[in-house]
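In case you want the letters, here they are:
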Amino acid sequence: MLDLYTPGTSMLHRMSPGPKMAALAIAATALFLQESLLVTALAVVAILALYRVANIPMKTALAQIRPLMWIFVIFFAVQWYFSGLTLAAYVVLRLAALILLASLVTLTTRASDMIDSMTRALRLFKPIGVNPDKVSLAISLALRFIPVLGRIATEVREAQKTRGLERSIIAVAMPLAIRAIKMADDVSDAIESRGYRS
Amino acid sequence: MTIKDIVYIALFVALTAALGLMPPIAFAGGALPPITAQSLGVMLAGSVLGAKRGGYALLLFVALVAMGFPLLSGGRGGFGVLLGTSGGFILAWPICAAVIGHLVHKNANANIWVTGGMIAFGGILVMYTLGIPWMAVVGKLGLDKSLAIMVAYIPGDLVKVVLATVIARGLRRAYPNI
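Just so you know, the sequences run in chain order L and D.
Residue numbers for the first sequence follow the numbering used here, so the first one is 1 and each next one is one higher.
Residue numbers for the second sequence follow the numbering used here, so the first one is 199 and each next one is one higher.
Treat each hint with caution, since some may be false.
[Claimed, not checked] The calculated SDA-like cross-link candidates involving lysine to any residue, where the alpha carbons are at most 20 Å apart (straight line), are:
| hint | chain 1 | residue 1 | chain 2 | residue 2 |
| --- | --- | --- | --- | --- |
| 1 | L | Lys-126 | D | Ala-261 |
| 2 | L | Lys-59 | D | Arg-274 |
| 3 | D | Lys-343 | L | Thr-86 |
| 4 | L | Lys-134 | L | Val-92 |
| 5 | D | Lys-250 | L | Val-148 |
| 6 | D | Lys-202 | L | Lys-59 |
| 7 | L | Lys-182 | D | Ala-372 |
| 8 | L | Lys-59 | L | His-13 |
| 9 | D | Lys-338 | L | Leu-93 |
| 10 | D | Lys-202 | L | Leu-149 |
| 11 | D | Lys-304 | D | Leu-323 |
| 12 | D | Lys-338 | L | Lys-126 |
| 13 | D | Lys-250 | L | Leu-149 |
[Claimed, not checked] So these bits of chain D aren't anywhere near chain L, every CB distance computed over 12 Å:
| hint | residue |
| --- | --- |
| 14 | Phe-210 |
| 15 | Thr-214 |
| 16 | Ala-306 |
| 17 | Ala-308 |
| 18 | Asn-309 |
| 19 | Val-312 |
| 20 | Gly-315 |
| 21 | Ile-322 |
| 22 | Val-324 |
| 23 | Leu-328 |
| 24 | Lys-338 |
[As the list claims (entries may be wrong)] Distance ranges between label pairs, derived from CB positions:
| hint | chain 1 | residue 1 | chain 2 | residue 2 | range |
| --- | --- | --- | --- | --- | --- |
| 25 | L | Gly-195 | D | Leu-356 | 26 to 32 Å |
| 26 | D | Arg-371 | L | Ala-77 | 44 to 50 Å |
| 27 | L | Asp-185 | D | Lys-304 | 21 to 27 Å |
| 28 | L | Met-183 | D | Leu-356 | 25 to 31 Å |
| 29 | D | Leu-356 | L | Ala-49 | 20 to 26 Å |
| 30 | D | Ile-352 | L | Asn-131 | 38 to 44 Å |
| 31 | D | Leu-323 | L | Leu-33 | 48 to 54 Å |
| 32 | D | Ala-306 | L | Leu-48 | 17 to 23 Å |
| 33 | D | Arg-371 | L | Arg-197 | 30 to 36 Å |
The set of hints was computed from the structure by calculation and includes no laboratory data.
Backbone N, C-alpha and C define an ideal beta-carbon position, used for all residues, glycine too.
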């Protein structure tokens with residue numbers, strides 16, 4: 001599923017997306033402006049406490065930073081070698097704090113609510129030519145197209161297998177690209193023939 | 199912007215996301231960060247759609263990532279990734295796509311080497327120029343060390359340039375008026 005949302009009823013879940021994003025932006029900026037290891041470590045503890053408030057298990061919290069583990073290791077090693085242990089710990093902890101905090105916003109906010117908030121916010125940009133409805137249409141289409149592209153890729157690979165070409169990148173990518181464009185043409189014809197006006 | 203433009207933009211957002219689902223290629227025995235296919239989406243969006251639509255496609259992609267959709271390779275997403283060490287590269291994507299689109303479409307009749315060169319300029323040079331200083335500041339690494347880390351990515355990015363060039367030219371032949 002394309003949504004990291006973890007259902008819940010906590011205070012953080014009930015907050016509306018706008019203020020949550022604003023709080024995140026302020027907290028992240030503050031984290032960047034301070035340079036103390038102690039404050040950074042306390043921030044990590046405080047953020048983990050917020051995960052408790054939101055009733056999100058520690059396992060989920062750890063899963064947020066696991067894909068970035070190798071980056072942490074490289075940074076820690078490089079910083080330790082060049083600038084000492086304190087700075088290494090500070091840099092890695094600050095990164096971890098940022099990612100945990102941002103993930104907390106994502107984990108407690110439905111993607112659809114986030115899109116709604118963004119569409120509302122985009123109305124402010126209407127005077128400079130942004131059309132919120134068109135942006136929403138593009139987002140919905142994009143999220144729908146991701147699994148469709150996966151399916152087309154599987155079909156093309158199976159077709160090329162009969163020719164023994166399933167390992168050739170170009171022999172798979174080229175028909176895939178052409179079919180994707182054709183699919184997009186069909187979809188836009190379908191939208192227009194149903195009289196979509198925005 | 200017509201409906202067709204919007205659908206194409208959505209398609210390349212989806213394509214960039216779908217490329218993130220491909221397993222990353224580990225090299226140097228896993229000693230270096232794995233190379234992902236995702237910046238191929240940036241190169242293709244620019245070279246196929248042109249500056250405006252390609253730039254918008256990646257702008258929308260980055261906005262979706264910022265909103266927390268796990269569209270980056272390894273299922274990453276959310277505001278924190280953009281503030282992290284590789285954030286500069288990701289924020290550079292819309293600019294790179296627009297630069298590639300501008301160059302490739304202005305010289306539509308260029309031969310394959312020139313097209314490849316223009317994609318490499320936008321997809322490697324511009325991206326690194328914006329991403330490396332960001333990495334140096336956020337990771338407190340310093341420019342020289344960041345630069346050294348990024349050298350490892352150049353071979354993989356060159357492979358992506360070749361692929362993008364071949365695919366973009368093929369698509370242009372199949373659909374002359376995308």
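Cross-check of the supplied hints:
1. Under the criterion of a C-alpha separation no larger than 20 Å, the hint pairing L/Lys-126 with D/Ala-261 is consistent with the structure, at around 17 Å.
2. Proposed proximity of L/Lys-59 and D/Arg-274 is supported: the alpha carbons are some 16 Å apart, at most 20 Å.
3. For the hint pairing D/Lys-343 with L/Thr-86, the CA-to-CA distance comes to about 19 Å; that is within 20 Å, so the pair holds.
4. Of the pairs offered as hints, the one joining L/Lys-134 and L/Val-92 is violated, with about 40 Å between alpha carbons and a cut-off of 20 Å exceeded.
5. Using a Cα cut-off of 20 Å, the hinted pair D/Lys-250 and L/Val-148 is violated, with the two alpha carbons roughly 25 Å apart.
6. Taking the CA atoms of D/Lys-202 and L/Lys-59, the gap is about 43 Å. The hint is violated against a cut of 20 Å.
7. Our distance criterion of 20 Å between C-alpha atoms is met by L/Lys-182 and D/Ala-372, whose separation comes to about 10 Å.
8. Under the criterion of a C-alpha separation no larger than 20 Å, the hint pairing L/Lys-59 with L/His-13 is consistent with the structure, at around 18 Å.
9. Taking the CA atoms of D/Lys-338 and L/Leu-93, the gap is about 13 Å. The hint holds against a cut of 20 Å.
10. About 18 Å separates the Cα atoms of D/Lys-202 and L/Leu-149, which keeps this hinted pair within 20 Å; it holds.
11. About 19 Å separates the Cα atoms of D/Lys-304 and D/Leu-323, which keeps this hinted pair within 20 Å; it holds.
12. This hinted pair does not check out: D/Lys-338 and L/Lys-126 have alpha carbons roughly 39 Å apart, beyond 20 Å.
13. For a cut-off of 20 Å, the pair hint linking D/Lys-250 to L/Leu-149 is broken: about 23 Å separates their Cα positions.
14. Here D/Phe-210 does not stay apart from chain L, with its beta-carbon only about 9 Å from theirs, under the 12 Å limit.
15. Annotated as non-interface, D/Thr-214 brings its C-beta within 12 Å of a C-beta of chain L; the closest such distance is 9 Å.
16. Remark: the non-interface label on D/Ala-306 is consistent with the geometry, its nearest Cβ contact in chain L lying 17 Å away (cut-off 12 Å).
17. The non-interface label for D/Ala-308 is consistent with chain L: the shortest C-beta to C-beta separation is roughly 20 Å, beyond 12 Å.
18. With a least beta-carbon separation of about 18 Å from chain L, D/Asn-309 lies farther than 12 Å from that chain, consistent with its non-interface assignment.
19. Every CB of chain L lies more than 12 Å from the CB of D/Val-312, the least distance being 20 Å, so the non-interface label holds.
20. For D/Gly-315, the condition that its CB be more than 12 Å from all CB atoms of chain L holds, with the nearest at approximately 20 Å.
21. In this structure D/Ile-322 is separated from chain L by more than 12 Å, as the shortest Cβ-Cβ distance comes to about 19 Å.
22. Chain L leaves D/Val-324 outside its interface by the beta-carbon criterion, the shortest separation being 23 Å against a cut-off of 12 Å.
23. Residue-level check passed: D/Leu-328 sits 18 Å from the nearest beta carbon of chain L, beyond 12 Å.
24. Distance check on D/Lys-338: its Cβ comes as close as 5 Å (rounded) to a Cβ of chain L, failing to clear the 12 Å threshold; non-interface status is violated.
25. At about 47 Å, the CB distance of L/Gly-195 to D/Leu-356 disagrees with the hint of 26 to 32 Å.
26. The hinted window of 44 to 50 Å between D/Arg-371 and L/Ala-77 holds, with their beta carbons roughly 48 Å apart.
27. The hint said 21 to 27 Å for the Cβ distance between L/Asp-185 and D/Lys-304, and at roughly 25 Å that hint holds.
28. Distance hint check for L/Met-183 and D/Leu-356: the Cβ-Cβ separation is about 30 Å, which falls inside the suggested range of 25 to 31 Å.
29. Here the CB-CB span from D/Leu-356 to L/Ala-49 is close to 46 Å, at odds with the stated 20 to 26 Å.
30. Between D/Ile-352 and L/Asn-131 the beta carbon distance is about 39 Å. The supplied range of 38 to 44 Å therefore holds.
31. For the pair D/Leu-323 and L/Leu-33, the beta carbons lie near 31 Å from each other, so the given range of 48 to 54 Å is not met.
32. D/Ala-306 and L/Leu-48 have their C-beta atoms about 54 Å apart, which leaves the hinted 17 to 23 Å range violated.
33. Distance hint for D/Arg-371 and L/Arg-197: a CB-CB separation of about 34 Å, consistent with the stated range 30 to 36 Å.
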